[in-house]
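A.B. asks: Here are the chains, one letter per residue:
Protein chains: 2
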Amino acid sequence: MKHEIISIGTIRTPFTKIEGMPVQTVGGEGVKGEIHIKDEYAEGLKDLEQFSHLQLIFIFHKTYKTKLKVKPFLADEHHGVFSTFSPIRPNHLGSSIVKLNGVEGNVLHIENLDILDNTPLVDIKPYVPHLYDPTVRNLETGWFENKDVKSQRAGSRFI
Amino acid sequence: MKHEIISIGTIRTPFTKIEGMPVQTVGGEGVKGEIHIKDEYAEGLKDLEQFSHLQLIFIFHKTYKTKLKVKPFLADEHHGVFSTFSPIRPNHLGSSIVKLNGVEGNVLHIENLDILDNTPLVDIKPYVPHLYDPTVRNLETGWFENKDVKSQRAGSRFI
Numbered sequence: 001m002k003h004e005i006i007s008i009g010t011i012r013t014p015f016t017k018i019e020g021m022p023v024q025t026v027g028g029e030g031v032k033g034e035i036h037i038k039d040e041y042a043e044g045l046k047d048l049e050q051f052s053h054l055q056l057i058f059i060f061h062k063t064y065k066t067k068l069k070v071k072p073f074l075a076d077e078h079h080g081v082f083s084t085f086s087p088i089r090p091n092h093l094g095s096s097i098v099k100l101n102g103v104e105g106n107v108l109h110i111e112n113l114d115i116l117d118n119t120p121l122v123d124i125k126p127y128v129p130h131l132y133d134p135t136v137r138n139l140e141t142g143w144f145e146n147k148d149v150k151s152q153r154a155g156s157r158f159i
Numbered sequence: 001m002k003h004e005i006i007s008i009g010t011i012r013t014p015f016t017k018i019e020g021m022p023v024q025t026v027g028g029e030g031v032k033g034e035i036h037i038k039d040e041y042a043e044g045l046k047d048l049e050q051f052s053h054l055q056l057i058f059i060f061h062k063t064y065k066t067k068l069k070v071k072p073f074l075a076d077e078h079h080g081v082f083s084t085f086s087p088i089r090p091n092h093l094g095s096s097i098v099k100l101n102g103v104e105g106n107v108l109h110i111e112n113l114d115i116l117d118n119t120p121l122v123d124i125k126p127y128v129p130h131l132y133d134p135t136v137r138n139l140e141t142g143w144f145e146n147k148d149v150k151s152q153r154a155g156s157r158f159i
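Line by line, the protein sequences give chains A and B.
For the first sequence, the positions run 1 to 159 when the numbering used here is used.
For the second sequence, the positions run 1 to 159 when the numbering used here is used.
What the hints contain is simulated information worked out from the structure, not anything from laboratory work.
Any given hint could be a false lead.
Any copy will do: because identical chains look the same in the list, a pair fits if it lies in one copy or spans two.
Below are the BS3-like pairs computed for lysine-lysine, each with C-alpha atoms no more than 30 angstroms apart in a straight line [said to hold, decoys possible]:
no. : residue 1 : residue 2
1   : K65       : K38
2   : K2        : K69
3   : K65       : K32
4   : K2        : K65
5   : K46       : K71
6   : K38       : K69
The following block holds chain A by itself, in its conformation from the complex (with noise of 0.2 angstroms):
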């Protein structure tokens, strides 16, 4: 099955490129960029602006290749792709939880970012944790655990 998705808009962030960049949200805390919402989409912004958080779902659009086990920035070892967050993965497709600090016509103000600048959007969902919260118990994050994901940044290996 094959199904085509189309850009929404478009993130502006600091990061112009890939070395050097934080790797997770919490190394980009901060950090601020916008959104600019395609002008044919903005009426689907009603009422975002009564969130303080995003979802954004994004493509890696300078990522052109797959594979299945990868060695992301943070590990020393190789991992199944689909227990990373490694931009190499099938379907090149990111997920972020970013803060929403304001909206003005087309454009979301958002924070602690660690996005590539010019990312193609494909998504925006509002961030509500209680809607499955109550449903995480005994967490288990695997090889992340202990890892100093805060002050890691991007290497060239990617590129």
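Start from chain A and add chain B according to the hints.
C.D. replies: Below, chain B without anything else, positioned relative to chain A:
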């Protein structure tokens, strides 16, 4: 910009029709199902069993239309589609946090499901909330506040 995505597998659940389904994860607590990953992507599952919870990204495959203002089952009024989880959104992509009970070959045993049977899966990411939790302060969840999500079930409005 258009981007073609493919299904990496199929989500099997007890929900063969939309009517009567839970509308969010908390409403699907305890509901079990399976993911059948296509053989060609099975190698990417390595180490996934280390994680207790996963984020799934999937296609709302029984949704054929798109609207920018929608009236979700939980709401009495219309909202911009991006401030809802309605399937009738641009790109028809869904995202859920589920519990992983085990991995057997290319079959994942999962729980806490609000997903329709035979849903095409496009991505799996490990659920590692400490990658963004420290950046979430003063959370506001807009019109979702005080909604009884757990007991809400889907009607026939989207069919």
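A.B. asks: When no copy is named, should K2 and K65 be tagged within, between, both, or neither for a Cα gap of at most 30 angstroms?
C.D. replies: both (18 angstroms within a copy, 17 angstroms between copies)
A.B. asks: Go through the copies and call it for K65 and K38: within, between, both or neither, with a Cα cutoff of 30 angstroms.
C.D. replies: both (28 angstroms within a copy, 19 angstroms between copies)
A.B. asks: Regarding K38 and K69, is the shortest C-alpha distance of 30 angstroms or less found within a copy, between copies, in both, or in neither?
C.D. replies: between (36 angstroms within a copy, 16 angstroms between copies)
A.B. asks: Is it within, between, both, or neither for K46 and K71, if the alpha carbons may be no more than 30 angstroms apart?
C.D. replies: Close across copies (12 angstroms), not inside one copy (41 angstroms); limit 30 angstroms.
A.B. asks: Using 30 angstroms as the alpha carbon limit, work out where K2 and K69 are close: within a copy, between copies, both or neither.
C.D. replies: Intra 23 angstroms, inter 27 angstroms, cutoff 30 angstroms: intra and inter.
A.B. asks: First find the shortest C-alpha distance between K65 and K32 inside one copy, then the shortest across copies, and answer within, between, both or neither for a cut-off of 30 angstroms.
C.D. replies: within (29 angstroms within a copy, 34 angstroms between copies)
Violated hints for the displayed structure: none, as all numbered hints are satisfied.
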